Every structure is written in C-alpha cells, then in structure tokens.
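K.L.:
Here's the letter readout for the chains.
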Amino acid sequence: MKPTAFEYHAPTTVNEALALLAEHAPNDGRILAGGQSLVPTMAFRLARPTHLIDINQIVELEKLSVEDGALCIGATVRHAKFHTPACEGVLGDLLTEVVNNVAHYPIRQRGTFCGSLAHSDPASEWCMVAATLDATMIVQSASGERAIPADEFFDTVMTTTLNDDELLREVRIPLLSNDSVYGFQEFSRRAGDFAISMTLVTYRLEAGKIVDPHLGVGGAEDRPRRIAEAEAALAGQIPSDNVFRAAANAAAAAIDPMEDHATNAQYRRELTATLVRRALENTVS
Amino acid sequence: MSKKKDITLNINGRDHNLSVDPRWTLADTIRDHCGQTGTHLGCEHGVCGACTVLVDDSPVRSCLMFGIQADGKKIRTVEGLANGSEYHPLQKAFMENHALQCGYCTPGFLMLATGVLEAQPDISDDELNDVLSSNLCRCTGYANIIKAVRAAREEMRKTS
Numbered sequence: 001m002k003p004t005a006f007e008y009h010a011p012t013t014v015n016e017a018l019a020l021l022a023e024h025a026p027n028d029g030r031i032l033a034g035g036q037s038l039v040p041t042m043a044f045r046l047a048r049p050t051h052l053i054d055i056n057q058i059v060e061l062e063k064l065s066v067e068d069g070a071l072c073i074g075a076t077v078r079h080a081k082f083h084t085p086a087c088e089g090v091l092g093d094l095l096t097e098v099v100n101n102v103a104h105y106p107i108r109q110r111g112t113f114c115g116s117l118a119h120s121d122p123a124s125e126w127c128m129v130a131a132t133l134d135a136t137m138i139v140q141s142a143s144g145e146r147a148i149p150a151d152e153f154f155d156t157v158m159t160t161t162l163n164d165d166e167l168l169r170e171v172r173i174p175l176l177s178n179d180s181v182y183g184f185q186e187f188s189r190r191a192g193d194f195a196i197s198m199t200l201v202t203y204r205l206e207a208g209k210i211v212d213p214h215l216g217v218g219g220a221e222d223r224p225r226r227i228a229e230a231e232a233a234l235a236g237q238i239p240s241d242n243v244f245r246a247a248a249n250a251a252a253a254a255i256d257p258m259e260d261h262a263t264n265a266q267y268r269r270e271l272t273a274t275l276v277r278r279a280l281e282n283t284v285s
Numbered sequence: 001m002s003k004k005k006d007i008t009l010n011i012n013g014r015d016h017n018l019s020v021d022p023r024w025t026l027a028d029t030i031r032d033h034c035g036q037t038g039t040h041l042g043c044e045h046g047v048c049g050a051c052t053v054l055v056d057d058s059p060v061r062s063c064l065m066f067g068i069q070a071d072g073k074k075i076r077t078v079e080g081l082a083n084g085s086e087y088h089p090l091q092k093a094f095m096e097n098h099a100l101q102c103g104y105c106t107p108g109f110l111m112l113a114t115g116v117l118e119a120q121p122d123i124s125d126d127e128l129n130d131v132l133s134s135n136l137c138r139c140t141g142y143a144n145i146i147k148a149v150r151a152a153r154e155e156m157r158k159t160s
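Listed in order, the protein sequences are those of chains S and W.
Going left to right, the first sequence walks through residues 1 to 285 as the numbering used here numbers them.
Going left to right, the second sequence walks through residues 1 to 160 as the numbering used here numbers them.
Everything labelled a hint here was simulated from the structure, so no lab data went into it.
Warning: the hint list may mix true and false statements.
Below are the DSS-like pairs computed for lysine-lysine, each with C-alpha atoms no more than 30 Å apart in a straight line [what the hints assert, rightly or not]:
#, chain 1, residue 1, chain 2, residue 2
1, W, 92, W, 158
2, W, 147, S, 81
3, S, 2, W, 74
4, W, 73, W, 5
5, W, 73, S, 63
6, W, 92, W, 4
7, W, 158, W, 74
8, W, 74, W, 5
9, W, 4, S, 2
10, S, 81, W, 73
11, S, 81, W, 158
12, S, 2, W, 73
13, S, 63, W, 74
14, S, 2, W, 3
15, W, 158, W, 147
16, W, 5, S, 2
17, W, 92, W, 74
18, W, 92, W, 147
19, W, 74, W, 3
20, W, 92, W, 73
21, W, 3, W, 73
22, S, 63, S, 81
23, W, 4, W, 73
24, W, 74, S, 81
Nothing here was measured: the structure is a model prediction, and the numbers come from that model.
Here chain S stands alone, though its shape is the one from the complex (with noise of 0.2 Å):
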C-alpha cells in the first residue's frame, strides 16, 4: 500500500527541527530519521503521520565521536557506520560485530542508531547494547533538554518514556575498559530477521575473579534490560562451565517471556538459557 498524505518538512538545524516538532507533534507530527521502520509502517497504514519532520539534512546530527569517556551517537548516525570501529578498544569492536545482526545491509545503510531506541522494538539489538551497556540518552524539545538512563527509557513494546515533542539527539555509550571481555549471542529463523531471544554480557577479571557484570537480554521480553539475577551469579565468581551454566538458569528463571503464535513462554526461556551460556564461552575463548 501506498503511505497517506502528509506534510513534509526539512529542517537544516535541530533548533528549527524542535520548533516544528513543538507545533505539530499534538497532531500527530513525527521525526523522521532513516525510516526504515516508520516507512513501512505508513505503507501498512498503522501510521498516518499529519507532518514528517526530516532530519537528515542537519549537519550537526550526524555526530560520531568519544567524548568524556563515552562514544556519543547523534540521531541520524546509520547502522552501516559501525561496519567498521566506531572507536578504538573494546566498545568499537563489540558494535562491529553486533551490527551484522541488524537487519539487512541495504537496510543498515539508511536506518539510524538513535531510530531504533526511539522505535524500540524487542527484538532490536541496538536497545539491547543501550540497556546492558546503560547508555544515556540525550532527549531535547523546544523547552529543554534531559538525561534518561537506559533502564527508565525502554517502557514496552515499541513504546519509550520519550515525549512527543522530543527528539532523541543522541545517545552517549560508556566506553569498555581494554581489559573487558564481551560475549554477543541471537537466534532468528533466518539471516537478518528478528530476533527471537539474544544477549550481551561484558565484565572485567581481577585476581582471576569476575567485576562489574553486565548481562541484558532482549527480544524474549516486552523491552530488553539487565537480568540482575544473572548478574549475581557472576559477580565474585571464577568464570567455569558452572558458574557460566548458573547464570544462564538464573537469567532463564528471572525472565517474563511474551509469547506469540510460533514461540511459547518456555521455548523463549530455555532458548535465552542456552544463548547465555554460549555468550559467556564466547567471553573466555
């Protein structure tokens, strides 16, 4: 189907964006970044948007830098940039390998970062690395900016504590020591669809012993985040099979899984049980 009629707007500066944002997003006005998630949405006519605010022609949105120890990401950055480091050390390396997962390579070359926290599907493996990670995101309309943490901006399915009238400018990631480790895990049916249950978890060693876990798991729940049970079962620990089959139960157990036609609640949980071991072997080989 074809997308309903709308206005469209070009803004070439985020002050300008804002202001049109603040008039028109009581009607039904919203930004449109890569849209390869609003795009089709329109086309299947769940959206019909009064005003698309265009983003793309604002210079200042495209940011890509570190910055105070954080790898700042501004809204019109596309998921193909990270198909090579995005910074230096351990962060730019786990984005690499990550982004292979993200839809399709056509795809990754119009859709934007920033696009998907704002869209916030499940299954969206850059929502996943905002919460395990716990990214900040930097939120601004015409009165004002704000901080959210990632664990207070993923609400639910597709749904976020963002305001209409706001735009997500950018998204600052902490970077990883050099001495962190990472393991990444997905299962989809097939190559670039969405993902049924995935993973991410990093720590440090001190002393042979595990610091600072972090463990999110998305797509097997209504909003990815840390799975703090999982997380416990790590902290202190000497990383071993049993310690690393502990806290995949523990992550297994603590979920609330959504089901659908094709994926019961227990498929989903033994699913993520399995993804979480295979993640923290990745972290040790």
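Given chain S, put chain W in place with the hints provided.
P.N.:
The following block gives chain W in isolation, referenced to the frame of chain S:
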C-alpha cells in the same frame, strides 16, 4: 491534501525536474513520474528488495524513502548499468549463470550487487552471502545468483 514541492532527481546522470507529492515513495517517483520502470516493486515495505537502487552509490530500498528526500542526490537504476550496447559484468554474469528466471527480482539484485562490489571489490564469499540474503527471489533458489555475483566480482576486479 499536502502541498507539492519542486525537486530535481538525477537518475543515471539525467536530471528530471518534478513537482512531487511528499507521500510518493522514491520507487513510485522513479517509475511513474520519470518513466524509468526497470525498478520493480514487490512488497512495498522493505522486505523483498526488488526496488533496490543506488542513492549516492549506496544500495537502498526505494520503497522506504520518499522521492522528495532524494532531491539533488545521484540515483542509479538498472537502466544505467549497461554501457550502450555493452552489458555490465553483472548483467553478463547473470545471463551466463542462469541467475534469473522470471526476472522480477533481477533489477534489485543487480543494483544491490553493483553497490556492494563497487564499495568492497574484495568482499569474501561469506560476506557476499550475507548481503545477498537481503533480497528475495522465488525462482532460482539463490545458488545461481550467488554464482553469478561471485563471477562478476572476479571480472570487475580485473577491470578496476
């Protein structure tokens, strides 16, 4: 009704001056308003890849962009691949390897492969499989498409 806006689409090196409705996708704009019907539309929601074109040399779904967003950008479609009567190495490889049957998906695959092979002439077989997995073909079973793109990769390396 939304207001029409004047834009210039540069398709295969030729400027098309148009007055577009913002709701027209780039695919519909190219096909219905520039007369370039080589670009095909399958699913119209980004899944099948039949409408893949190059925008500033990147392969993108032309059903997931609005025509108005391509104002001033360089668009390449299947009509621009051949050099006069000389087919592009990818077109030749598709014929030689029986990489098409009905041909509906072919323009999308050709533009996807063109964009990728130009950007990454030394792309590995595995990476190529991953890239080609983004487009759907219901006739060939993909094996011959993969064979053709690999053959074109070797040919394009020789001439580049």
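K.L.:
Does each hint hold? Answer for all of them.
P.N.:
So, going through the hints one by one against the coordinates:
no. : hint             : verdict
1   : W:92 with W:158  : holds, 15 Å
2   : W:147 with S:81  : holds, 28 Å
3   : S:2 with W:74    : holds, 24 Å
4   : W:73 with W:5    : holds, 16 Å
5   : W:73 with S:63   : holds, 21 Å
6   : W:92 with W:4    : violated, 41 Å
7   : W:158 with W:74  : holds, 26 Å
8   : W:74 with W:5    : holds, 19 Å
9   : W:4 with S:2     : holds, 17 Å
10  : S:81 with W:73   : holds, 20 Å
11  : S:81 with W:158  : holds, 28 Å
12  : S:2 with W:73    : holds, 23 Å
13  : S:63 with W:74   : holds, 23 Å
14  : S:2 with W:3     : holds, 17 Å
15  : W:158 with W:147 : holds, 17 Å
16  : W:5 with S:2     : holds, 18 Å
17  : W:92 with W:74   : holds, 24 Å
18  : W:92 with W:147  : holds, 12 Å
19  : W:74 with W:3    : holds, 24 Å
20  : W:92 with W:73   : holds, 28 Å
21  : W:3 with W:73    : holds, 21 Å
22  : S:63 with S:81   : holds, 11 Å
23  : W:4 with W:73    : holds, 19 Å
24  : W:74 with S:81   : holds, 20 Å
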